[in-house]
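> Sequence:
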Amino acid sequence: MTTLTTALPPGSAAPPRHFLTVDDLGPGGLRSLLDLTGRLKRDPEPFRGRLAGGRVGMIFHKPSTRTRVSFESAAWTLGMLPSVLRADELQLGRGETVADTARTLSLYLDAIVVRTFAQAVVEELAADASIPVINALTNEHHPCQALADVMTLEEEFGSLAGIQVAFVGDGDNVCVSLIQAAALGGFEIRVATPPGYEPDQTIVDDARARATATGGSIVVTHDPAEAVRGAAAVYADVWTSMGKEAEGDARRRAFAGFRVDASLMAGASRAA
16 MTTLTTALPP GSAAPPRHFL TVDDLGPGGL RSLLDLTGRL KRDPEPFRGR
66 LAGGRVGMIF HKPSTRTRVS FESAAWTLGM LPSVLRADEL QLGRGETVAD
116 TARTLSLYLD AIVVRTFAQA VVEELAADAS IPVINALTNE HHPCQALADV
166 MTLEEEFGSL AGIQVAFVGD GDNVCVSLIQ AAALGGFEIR VATPPGYEPD
216 QTIVDDARAR ATATGGSIVV THDPAEAVRG AAAVYADVWT SMGKEAEGDA
266 RRRAFAGFRV DASLMAGASR AA
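The sequence shown runs 16 to 287 under my numbering.
Be aware that one or more of the hints could be misleading.
As the list claims (entries may be wrong) - Simulated DEER-style distance windows between Cβ atoms:
no., residue 1, residue 2, range
1, D276, E111, 40 to 50 Å
2, D115, G41, 42 to 52 Å
3, D50, T92, 13 to 23 Å
Worth flagging that the hints you see were computed from the coordinates, not collected in a lab. Every residue gets a Cβ at the ideal spot worked out from N, C-alpha and C, and that includes glycine.
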């Protein structure tokens with residue numbers, strides 16, 4: 016993840032580093048970030064105030080409890096001043112372009128955290144910002160959630176290498192980010208979704224190509240029992256994400272056979 020030392024003023028020779036998808040990290044970046052977060056979690060004291068005086072803007076187009084609190088808490092711990100910006104407080108909804116907003120915020124802030132609907136908005140912000148942009152969730156990706164999950168897996172099993180993870184549910188943002196994390200982290204993920212709810216095939220193909228160098232594996236199936244068989248960890252997610260409430264009834268019917276219950280868990284590893 017980008018630190019303030021990579022934030023460069025407009026006109027600098029090199030652009031700032033952004034964190035928009037898990038793929039942005041690369042295998043080495045994922046390893047370095049997991050090592051750093053592990054150190055910070057075990058002993059936060061050496062990191063307190065390390066970014067003192069820094070300013071981070073947090074744009075929330077989608078409501079949040081854990082994402083907002085975790086980012087705000089992290090900012091305060093590091094000595095940064097968080098500024099939370101709701102959708103109704105920005106000029107974005109009144110004719111200002113994303114590019115103009117990016118350039119304006121870059122004048123006053125050192126980093127931008129965005130939780131919004133379309134990945135294209137985050138990508139456009141990053142294209143025109145001269146400071147790091149961090150994706151706190153879009154409809155297509157949820158990289159910070161995947162990082163937290165991968166860190167938990169490593170804490171639980173000691174290593175990512177060789178572990179088998181099952182994901183049962185919708186192949187949307189969380190699933191996509193976990194697939195990318197499996198490819199970079201060298202572990203196996205088996206995804207089970209109903210027909211029509213599979214993760215984006217382009218992302219799956221790209222992840223499989225990356226996984227050849229790390230020992231990772233990505234399997235997509237319509238059979239939850241196959242996905243869970245022997246898995247060390249089983250991941251469930253909501254069937255109807257924010258913004259898809261109108262599909263609620265259809266999704267409940269489609270996902271009726273994808274409940275993670277005692278019967279399904281019986282096929283997983285005993286330690287799962």
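> Hint by hint, say whether it matches the structure.
Hints versus structure:
The given range of 40 to 50 Å is respected by D276 and E111, whose C-beta atoms sit roughly 48 Å from each other. A hinted range of 42 to 52 Å is violated for the C-beta pair D115 and G41, which are about 31 Å apart. Take D50 and T92: their Cβ atoms lie about 18 Å apart, and the range 13 to 23 Å holds.
The structure is inconsistent with hint 2 alone, although it conforms to all the rest.
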